[in-house]
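S.K.: Go ahead and model the full structure; you've got the sequences and the hints to work with.
What follows is each chain in one-letter form.
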Amino acid sequence: MSEQKSMAIIATQGTLDWAYPPLILATTAAALDYEVSIFYTFYGLQVLRKNLDLRLSPLGNPAMPMPVSLPVLVQSLPGMEKMATIMMRNKLAKKGVASVADLREMALESDVRFIACQMTVDLFDFKQSQLIDDIEYAGATAFMEAASDADITLYT
Amino acid sequence: MANMTLDAKGLTCPLPILRAKKALKSLNIGETLAIEATDPGSAKDFASFCNQTGNTLLSASESVGTYFYEIQKN
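Sequence lines, in order, name chains H and V. For the first sequence, numbering that gives the first Met the number 0 begins at 0 and goes up steadily by one. For the second sequence, numbering that gives the first Met the number 0 begins at 0 and goes up steadily by one.
Simulated from the structure, these hints should not be mistaken for lab results. Heads up, a few of these hints could be off.
Claimed, not checked - In silico DSS-like pairs for lysine-lysine, Cα to Cα no more than 30 angstroms straight-line: (1) V:8 / V:24; (2) H:4 / V:24; (3) H:94 / H:49; (4) V:8 / V:20; (5) V:20 / H:93; (6) H:126 / H:49; (7) V:8 / V:43; (8) V:72 / V:24; (9) H:81 / H:93; (10) V:72 / V:20; (11) H:126 / H:81; (12) H:4 / V:43; (13) V:21 / V:43; (14) H:49 / V:21; (15) H:90 / V:8; (16) H:94 / V:8; (17) V:8 / V:21; (18) V:43 / H:90; (19) V:21 / H:93; (20) H:81 / V:43; (21) H:93 / V:43; (22) H:4 / V:20; (23) V:21 / H:94; (24) H:94 / V:20; (25) H:4 / V:21; (26) V:43 / V:20.
M.R.: Dropping the structure here:
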């Protein structure tokens, strides 16, 4: 075990909003000289795609602020997901929040380890060519090894 | 006068800290970095950043929505 502090994160979510917490914490921890691993599994794999296309749905999320309150039936209409995604992207940009792509790049630059869960890569028929380079492919055992040495472990 | 100045105005968490970390890398030990930010959360974050990295927060102040910090690299 090294003297350097470390953090291990499991990231299971693949929506535009939930892509942020693991990347914000990982880049910040790296700036504080932590060794960081993020284990992307299930929908989290969306964040590792070369062609990022993260979306957001107002459906089933009454906490999402909307400019006008819409009945659930209206939220389920075609195009609503696209609208919510565009609104969130505009809001993020307007407030000076980094894009997911930029944060991911910064994480890679600061040597954050990205580990794609092999089982879910196969489950969803991802090809390695669809995901960014410089990531590792492994299973739960590899995460346990990183987590057992970590000062901080998080599940998101 | 600081050895380097960082304009982090308009940026939100975690960007001011990430930019500061990058800027500090290019400084020598003992040199100082001046930062301007508009993120209100940066006040606590820069103090916490210095606590955890062993750098010294020489000064921190605020004037009409702009936050000024000076950090010495240790």
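S.K.: State for each hint whether it applies.
M.R.: Evaluation of the provided hints:
1. V:8 / V:24: holds (20 angstroms)
2. H:4 / V:24: At roughly 19 angstroms apart (the allowed maximum being 30 angstroms), residue 24 of chain V and residue 4 of chain H satisfy the hint.
3. H:94 / H:49: holds (25 angstroms)
4. V:8 / V:20: Distance ~16 angstroms between residue 8 of chain V and residue 20 of chain V Cα, so the pair holds.
5. V:20 / H:93: holds (24 angstroms)
6. H:126 / H:49: holds (11 angstroms)
7. V:8 / V:43: holds (16 angstroms)
8. V:72 / V:24: Measuring from Cα to Cα gives roughly 9 angstroms; hence the hint holds.
9. H:81 / H:93: Status holds; Cα separation ~18 angstroms.
10. V:72 / V:20: The given pair, whose Cα atoms are some 10 angstroms apart, holds under the 30 angstroms limit.
11. H:126 / H:81: Given pair residue 126 of chain H, residue 81 of chain H holds - Cα atoms ~26 angstroms apart, limit 30 angstroms.
12. H:4 / V:43: With a Cα-Cα distance of about 21 angstroms, the restraint between residue 4 of chain H and residue 43 of chain V holds, given a limit of 30 angstroms.
13. V:21 / V:43: Holds. Residue 21 of chain V to residue 43 of chain V sits at ~19 angstroms (cutoff 30 angstroms).
14. H:49 / V:21: holds (26 angstroms)
15. H:90 / V:8: holds (17 angstroms)
16. H:94 / V:8: holds (11 angstroms)
17. V:8 / V:21: holds (16 angstroms)
18. V:43 / H:90: holds (24 angstroms)
19. V:21 / H:93: holds (24 angstroms)
20. H:81 / V:43: Violated - the C-alpha atoms of residue 43 of chain V and residue 81 of chain H are around 36 angstroms apart, more than 30 angstroms.
21. H:93 / V:43: Satisfied, since the Cα-Cα distance of roughly 23 angstroms is no more than 30 angstroms.
22. H:4 / V:20: holds (17 angstroms)
23. V:21 / H:94: The given pair, whose Cα atoms are some 22 angstroms apart, holds under the 30 angstroms limit.
24. H:94 / V:20: Status holds; Cα separation ~22 angstroms.
25. H:4 / V:21: At roughly 19 angstroms apart (the allowed maximum being 30 angstroms), residue 21 of chain V and residue 4 of chain H satisfy the hint.
26. V:43 / V:20: With a Cα-Cα distance of about 16 angstroms, the restraint between residue 43 of chain V and residue 20 of chain V holds, given a limit of 30 angstroms.
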